[in-house]
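Protein sequences, first through last, are from chains A and B.
My numbering puts the first residue of the first sequence at 1, with every later residue one more than the last.
My numbering puts the first residue of the second sequence at 1, with every later residue one more than the last.
Treat the hints as calculated values from the structure; they're not laboratory data.
Possibly wrong hints are sitting among the right ones.
What the hints assert, rightly or not - One side of the interface only, derived from the structure: several residues of chain B facing chain A at Cβ under 10 Å: (1) 74; (2) 87; (3) 127; (4) 136; (5) 170; (6) 190; (7) 281; (8) 285; (9) 288.
Claimed, not checked - The calculated DSS-like cross-link candidates involving lysine-lysine, where the alpha carbons are at most 30 Å apart (straight line), are: (10) B:334 - A:154; (11) B:136 - A:151; (12) B:338 - A:154; (13) B:338 - B:352.
Where is the CB? At the ideal position from N, CA and C, for every residue including glycine.
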Amino acid sequence: MTVSRTTSYAGIAVVVAVLPLLLDPYWTDVFVSIGLYSVLALSLNIILGQAGLFHMGHAAFYAVGAYVTAIANTMWGVPVLWAMPFAGLAAALFAMLVARPIIHLRGDYLLIVTIGIVEIVRIALINNVFGLTGGANGIFGISRPTLFGFKIAKPVHFYYLVWAYVACSVLLFRRLENSRFGRALNYIKEDDTAAEGSGVNTASYKLWAFVLGAFWAGMTGTIYAAKMTIISPESFSFWESVVLFAIVILGGGSNRGVLLGAFLLIGLPEFFREFASARMLAFGLAMVVMMIFRPQGMLPPMPRFYKLPERIRCVTGKDGGAAAAQVGGEA
Amino acid sequence: MKHVIKALTLALAASLLMAATAFAAPVKIGLMCPLTGKWASEGQDMRNIVTLLADELNKAGGINGNKVELVVEDDGGDPRTAALAAQKLTTSGVIAAIGTYGSAVTEASQSIYDEAGVVQIATGSTAVRLTEKGLKRFLRTAPRDDEQGMVAAKLIKAKGYKAVALLHDNSSYAKGLADETKALLDKAGTKIVFYDALTPGERDYTAILTKLKAANPDIIFCTGYYPEVGMLLRQKMEMKWNVPMMGGDAANHADLVKISGKEAAKGYFFLSPPGPQDLDAPAAKSMLTAYKAKYNGVPGSVWSVLAGDAFNVIVEAVKSTGKADSAAIADYLKTKLKNYPGFTGQISFNEKGDRVGDLYRVYEVNANGEFILQP
Numbered sequence: 001m002t003v004s005r006t007t008s009y010a011g012i013a014v015v016v017a018v019l020p021l022l023l024d025p026y027w028t029d030v031f032v033s034i035g036l037y038s039v040l041a042l043s044l045n046i047i048l049g050q051a052g053l054f055h056m057g058h059a060a061f062y063a064v065g066a067y068v069t070a071i072a073n074t075m076w077g078v079p080v081l082w083a084m085p086f087a088g089l090a091a092a093l094f095a096m097l098v099a100r101p102i103i104h105l106r107g108d109y110l111l112i113v114t115i116g117i118v119e120i121v122r123i124a125l126i127n128n129v130f131g132l133t134g135g136a137n138g139i140f141g142i143s144r145p146t147l148f149g150f151k152i153a154k155p156v157h158f159y160y161l162v163w164a165y166v167a168c169s170v171l172l173f174r175r176l177e178n179s180r181f182g183r184a185l186n187y188i189k190e191d192d193t194a195a196e197g198s199g200v201n202t203a204s205y206k207l208w209a210f211v212l213g214a215f216w217a218g219m220t221g222t223i224y225a226a227k228m229t230i231i232s233p234e235s236f237s238f239w240e241s242v243v244l245f246a247i248v249i250l251g252g253g254s255n256r257g258v259l260l261g262a263f264l265l266i267g268l269p270e271f272f273r274e275f276a277s278a279r280m281l282a283f284g285l286a287m288v289v290m291m292i293f294r295p296q297g298m299l300p301p302m303p304r305f306y307k308l309p310e311r312i313r314c315v316t317g318k319d320g321g322a323a324a325a326q327v328g329g330e331a
Numbered sequence: 001m002k003h004v005i006k007a008l009t010l011a012l013a014a015s016l017l018m019a020a021t022a023f024a025a026p027v028k029i030g031l032m033c034p035l036t037g038k039w040a041s042e043g044q045d046m047r048n049i050v051t052l053l054a055d056e057l058n059k060a061g062g063i064n065g066n067k068v069e070l071v072v073e074d075d076g077g078d079p080r081t082a083a084l085a086a087q088k089l090t091t092s093g094v095i096a097a098i099g100t101y102g103s104a105v106t107e108a109s110q111s112i113y114d115e116a117g118v119v120q121i122a123t124g125s126t127a128v129r130l131t132e133k134g135l136k137r138f139l140r141t142a143p144r145d146d147e148q149g150m151v152a153a154k155l156i157k158a159k160g161y162k163a164v165a166l167l168h169d170n171s172s173y174a175k176g177l178a179d180e181t182k183a184l185l186d187k188a189g190t191k192i193v194f195y196d197a198l199t200p201g202e203r204d205y206t207a208i209l210t211k212l213k214a215a216n217p218d219i220i221f222c223t224g225y226y227p228e229v230g231m232l233l234r235q236k237m238e239m240k241w242n243v244p245m246m247g248g249d250a251a252n253h254a255d256l257v258k259i260s261g262k263e264a265a266k267g268y269f270f271l272s273p274p275g276p277q278d279l280d281a282p283a284a285k286s287m288l289t290a291y292k293a294k295y296n297g298v299p300g301s302v303w304s305v306l307a308g309d310a311f312n313v314i315v316e317a318v319k320s321t322g323k324a325d326s327a328a329i330a331d332y333l334k335t336k337l338k339n340y341p342g343f344t345g346q347i348s349f350n351e352k353g354d355r356v357g358d359l360y361r362v363y364e365v366n367a368n369g370e371f372i373l374q375p
């Protein structure tokens, strides 16, 4: 990481940290929403952006997490933030169960099945499955989270909670991207068959991508439940999945792109609130323009660069420092 | 971050402009409604009605010489967007907010208005728990879910039925209504000879109808939705069984008669809030005429008319108390407002903020398959 990059990251961190001091509660809340969707889109990015699996049912995992939190909190009095790992685990387990049989599907076929999953989850929630989910009215009275005795209730408090969570997620996902696991996913995305031929267990890697993405989405569900204090099936409609899908595709699949996508897709409609019903039209127009002029997304992942060790550089006879070899997409 | 600052300056400039055009400090009233999403038609009706009323009021000089400024925000029929809309309205300085449609959506905004000390009058939110939380400044012009059960039990008693069969479909709404009615009838000593659920979406209900027939009820009260009710009516006629049947407001849909056929539906009656075209209050008639003239159509349902009622009671409260203050408005509406002549009948509120008085009416299907409001 170069110095200029570090400073720019530090600059962004400072801006994020002081932003709520300049904003009214409404805009703070908008940024909380952007933060939530950023994390959700980052978790979808593992599946869609990194592994290239067309998954349009991410709201299902998010819903599982939110409902597990709500049920644990309202029925057994589990503190909201304590429920977070359990929400994540429940969502991950659910993902493992539903993704295992469909993992061999490719492209559009997988997309259709995942749409089915999110609809099944939503309808199951409306039908008050096991008498736990409260039907169409949802679950209400989820308590506010407390962190070291501090009650998180105001938009500003949630702002810092959510953006701290975003920062952690970005850091972890960045590490993941550059790991053996991340490279394997990229290989699968570029060429499934070649990956299989090179000894990458594609089915297993794909499944783990789903499980990991779902785990993170489930944990985000916890924060959503805590923020809203009421959750209902409408919050996890097919449309939410579409928005998340669009964020990742629009962003291009890199972490920076996903964050930018979340800003545009969640933040911009709020800027255009004045146009009320016409704002969705602008949304559609923007998507069409993107499709024509930048189909790869705004910030697609950059090719991977690795510095060669000193020995090899001597052999190839190149100068130190400037030499870099591209080994993008090799597992 | 330039965007934010730019937007904020723009918003500031816009609000300054608006303030400059008004003669005196305007009274700001918020409206939160689903202008986008699956309930968009409902939300647009709400906006149309309230805008119409606000324009008329301003033409007539406003409230005590002060103009009313309406701030409309889209809640998208989704709890998350609703929370944002509520934040937006409270920060824009409204004294009261009207809305919204859908109980869960309203609930997501309740605590935000409560913390900001803004009066909220919900319009299409019937879930019982909304007013059971003890929020000081929350009211609603819509009836509660349990009120329908009360009206149903009263109607059954008034019509003199002695043996009642209750049939629901296990949805939380229909089961809730059946349970409520059952509890009230049990208390009144009316015999419940049958209480069970059918499976919605099936094509053949003869099995459950045979079971029902064996119980020999005077009346069947099916609380489910119109597709099942339509099938039941038709298959009941095919069985040549002539027992009367009644339903709840989930049966209020024109397709009911299409499914059952006119002959089978004749004499079937159900409870429902009156449709906009059936509102008999004089205020409603003149409002609907103005609405037709301006928007070339009628509101789709009574729920949007309830938004108009909410607007009028807020205006009434500001007029009577003489100040645009949320606490005074809430207090006036809950304790002093009595029998205000609204579009949907007389309006009063109780301490909890629930509307007092029956909104539910009885509709009967005539030989032509039309729903006729019973006096």
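Legend entry - Hints not upheld, ascending by number: 4, 6, 7, 8, 9, 12
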